[in-house]
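Residue numbers (my numbering), protein chains in the order written: chain A, 1 to 465; chain B, 1 to 471; chain C, 1 to 258.
Just so you know, these hints were derived from the structure itself, not from any lab. Hints are supplied without guarantee of correctness; some may be wrong.
[What the hints assert, rightly or not] In silico DSS-like pairs for lysine-lysine, Cα to Cα no more than 27 Å straight-line:
id	chain 1	residue 1	chain 2	residue 2
1	C	K81	C	K71
2	C	K45	C	K70
3	B	K469	A	K455
4	A	K452	B	K21
5	B	K469	A	K17
6	A	K452	B	K461
7	A	K360	B	K469
Now for the letters of each chain:
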Amino acid sequence: MQERVAMGGNLQEVEQKVNRDLLISVTGSVPKRFWVAVALMAFLAAAGFGAAGYVVAQGLGATGLNRPIMWAFFITNFVFWIGISHAGVMLSAILRLAQAEWRRPATRAAEIVTIFSLVNAMLFPIIHTGRPWRTLYWAFPYDFGRGIWPNVRSPLIWDPSAIITYLTSSVLFVYVALIPDIAVARDRTTGIRHQFYSVLALGWRGYPRQWRLQIIAGFLLSALILPIFVSVHSIVSWDFAVNQSVEGWHSTIFAPYFVIGAVHSGVSAVVTVMIILRFLFKWEDYIRPEHMDALGRLLIVVAITWFYFFAMEVTFGLFTLENAELGLRSMQFFETPYSTLFLVFIIAAFFFPVPMWMFKNVRRSFFWMTITTISVNIGMWLERFLIIIPGLARKQPLSFSWSTYAPSVPEILMVVGSFGFVGMSILLFAKVFPLIPIYDVKEGEILRREMKIGKVTIPAVIREE
Amino acid sequence: MATSNGSHNGGHLYQPQVFTKTQREITREVLDQTRSTGPGYKRALAFFGLLLVLGIIGFIIRATNDGFDRFSPWGYMMATFSFLITAAASAPVFSVTQRMVRSHWRRPMARVAEMFAVVGVLSTLMFIPLLLLLPSAEGRRSIWFEWPGTPFWPDILAVVFLFVLGIALLFVAAVPDLAATRDLGDGWRQRWAARLVPGWHGDDRQWKVLRAGLMVLGALYFMMLIYVHFLITADFAQALVPGWKDSILAPYHALSGLQSAIAVTLVAMYLLYRFGGFKDYIHADQFKSASKILLGLSLLWFYFWFSGFIVYWYGRQPVEQNVLKTFMFEAYRWPFVISMVLTFFVPVFGLMWNFVRKSLLGPALIGFSILVGTMMDRVRIYVATFSIADKRADALEALHPEPLLGVPTAQMPVTADVMIVIGGIGGAIFLYLLAMKFIPIISIWEVSEGLLYRKTVPFLKRTIMLMGKPD
Amino acid sequence: MAKQDNGRAKWSMVVDSDRCTGCQACVVACQAENNIPLNEEDIFKQRRAMSWIRIERYWEVPFEYTQHPKKPEDAPFDQVKARFLPILCQHCENAPCEPVCPVFATYHNDEGLNVQVYNRCIGTRFCANNDPYNVRFFNYWEPGWPETLRNQLNPDVTVRSRGVMEKCTFCVQRIRRTERTARKEGREVADGEHAPACVQACPTDALVFGDINNPDSRVSKLSKDARSYRLLEDQGTEPNIHYLMKVDPFLTEENGHE
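The shape of chain A in the complex, shown without the other chains (with noise of 0.2 Å):
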């Protein structure tokens, strides 16, 4: 049984306290922390984007590249920030379709959690390669007039189609989503602000066959986004599973494992957001222990499954006993300093949290969440950081130009500033646009009944069939 914290008194009642609260970002005053939090995140950013200059200006002779580790950190943290990407679909379009209820306050911040770290995440590639500047050649065929076109067998031609078009497709899932409450808020603003949320608000006035075409778009997008979804990571995973020349990265797993390791961080870090903004915002009746729960019992899940793909290719790399396998992983296993990020990453981001999870009382408590969720995050960089230097570095089988990998400076101020701009980023949009889909919230509060079943009460949801 859980406890339900009942909004109290009657429909109306209830819509005015949605409002109230939700919209209390817009139309309300903000908590004074809200600010703090949001001037560390912009000076992070700062700081990021900096280091970026910086890298550009002097050359990636700046970084702690080498030969043959020409990917390290900031291909790492494009992939790390890709799989937070996942977050938002996994969790709004397929709870969606599956009609889960309590996905309803969680599913706009996962999708601006995706809005925001896809944009960030395409930021890292193009810093990484050598002339920035060029690289309108990469994914666009603007040098048609000398009949040279970008080269569609390179994975780094799918992954910025596959990119966009997930960028695209998830601005147009949150803005469907979005129109309803901007609508609120329009009805609730003056002066500019009404001006900016009315040409927003597309003219919604609540008609029936307005909600009927929101609700269509919304299902429509959401199936049609999951290939997409699926497609972004698996292409980002071919990025390195097609190269035959790197020991440990020519694995036919690659693409499953790694998008259901993007869900795992993402789902993570969908959580972590959810927390922090439930504090900035005090939205404590929206977001409650029940969401942690099924939250928790999803990442349960998706941990197991992602263990069991990380497992199949360890074995299955391991299984010919050749001496160039055996060697890149004893490598990540058993040297210095790879070893003890390995034991990191592997406790951070399954023996920890997943036996943690289990217990009802961790679920269900905010805090513990917090710290299981961001430290599946910790552990699914350093998963992303162990796949690509330890292959690098032991490039078989010309031992004469083995290498090693530290990060410099700018890398580090780059990683860190990437958290700072997604941070800042998702608090602003939180300034402008209510980050908990209000109208899905009502909705919920309207389908939402109890049902006694001889002594006890069970809660209910009316279902159409």
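Could you slot chains B and C onto chain A? The hints should help.
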């Protein structure tokens, strides 16, 4: 999309009768059905029993003619075994997962899926001669890294344990129904049930234990099944083809297991609906919801296949090209094409339509197509592997054998192989039919429980359905 | 996937490891010919040194010291042999580095050369990752030369900017020059008429360059030698460089060789 024609096929014309029944009626009816053995049933039992005998004869022919020294005579037997593990042994997982997410529509389907655990008798028996073929893991590449006694004891333990867990799951889930047989049944069934579940009275504690037991057994069964898929693909496929290093194969195998699990359950449910006398219990809800999952799994099947394929195709290493040519494009091209069409194109382009999903026959036919496709897929994997393993028997013993350098020719089935295949599949159906008469094929307690969670309430101007969502 | 003979030359090289003394003359010659930035000490320590051709030095120990209880380090010094392997771009027919470039900055031309278009390159370094021979180099810094060396730069070779990949070109500028001369004089290019800088500089004649489509050329004869093999052939890259095995006078059957 939803044409008027389509919506007619759906749930509107057909009202599930089960919601109007009382718990008592349900118990009575299901027990009566379990007891009745019509001429149709007897004919079917005799027919599939005959097929089983045929299969055993086929096996004896193979064993006396070829012995267990070479792999290639046993390719089709391995494919059949793997198909049974894929389709039948995976079916209980479908019920397990749905019970875990507490979906209401699974209720009439739960036992139909779990009952497939009895096929484990056959697959476990089939596995023993197959194990005789394997060389010891010492001094060759395998997932066992030269542990003593491997791969024999882990493989047999896993398959036997899977069977035991399946039967345990079936039994625990059936305890309340057996108690009903004990209290309301007659004849040998009553005595049998009384001996099996003497102490079940349905008090609070017992229900709690039952539910917790089902969860634990279900989770264990799921993990065990994934593990068995892993063992089979590793020991009986990849380790036997030098240079084949395909980490997606085990998850691909397991996923196609989940897909066939739903497929086989849909087929079984349709047959029960049509011929088994459960018209009131099985309704569009199950087919509609299961089809949605099946659609997703079919897409995933393609995705798993493709993510393995693209890496090999792009890598262009000679070994990889030979693996692709052997298993997909040259030697076993037709089994591959057929399995691709039947397990991907047919389900996806069929189940994408609402009216197909809502119908009963549509998902059942698509389920059948998936089963045929999966069998073809197993043929291409294992018959190919076994024919290669045979030619390279001495190479298998080496730690670093020469990688696969050529493409073998396809091995066609001979009469004995055909007998083994139809005997294996017919025997599975035979066992299932037999088990139906021991344990009620519709889970009485779960269907009755479903009645409690369902309530019609007035809402504005209409009457709507309220669904309880227990935690 | 070998290209059909299209009537044009297919440039190829033979590296006789039996003749190689590891003197590094080829490395210096290549450095001078191709405007490769100086590998100063700090560049070297950053592990970003560039040399389109390099001599990989391996120590060979008796076979028994590679088996488990013994360690290669314990081999007595008089039985340890230095082996040299000159490695340069293999100009693979089926080059893994080519399909992964998103901007077509590297491609295979119809003379068997794997060419790099510096102007087109944006520096994703994907090609370097998918190159099994580690022969692609990235300009991490803007290359610079001391004032006194400015006039030393080869006018026929582009000076690369920072942020692009570069690699051995088989001294394509020399190939073109000879072709021009031959065309002017109305004749075919003769075998051995031109060679890359490394080949020219090799004092022991360990490197041989020529057209492998011409059955009379030295390259095509040597490539059919019994000692001929290609590097990492199991990768299916079909390199255009043939290596000739070391002939070891001390080789006996006991130390593990046939």
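Results of checking the hints against the structure:
1. C:K81 with C:K71: Within the cut-off at roughly 15 Å; holds.
2. C:K45 with C:K70: violated (33 Å)
3. B:K469 with A:K455: Measuring from Cα to Cα gives roughly 16 Å; hence the hint holds.
4. A:K452 with B:K21: Given that 27 Å is the threshold and the Cα spacing comes to 20 Å, the pair holds.
5. B:K469 with A:K17: With a Cα-Cα distance of about 26 Å, the restraint between K469 of chain B and K17 of chain A holds, given a limit of 27 Å.
6. A:K452 with B:K461: Holds, because 23 Å separates the two Cα atoms, which is no more than 27 Å.
7. A:K360 with B:K469: holds (18 Å)
Hint check: a violation occurs at hint 2 only; the rest are consistent with the structure.
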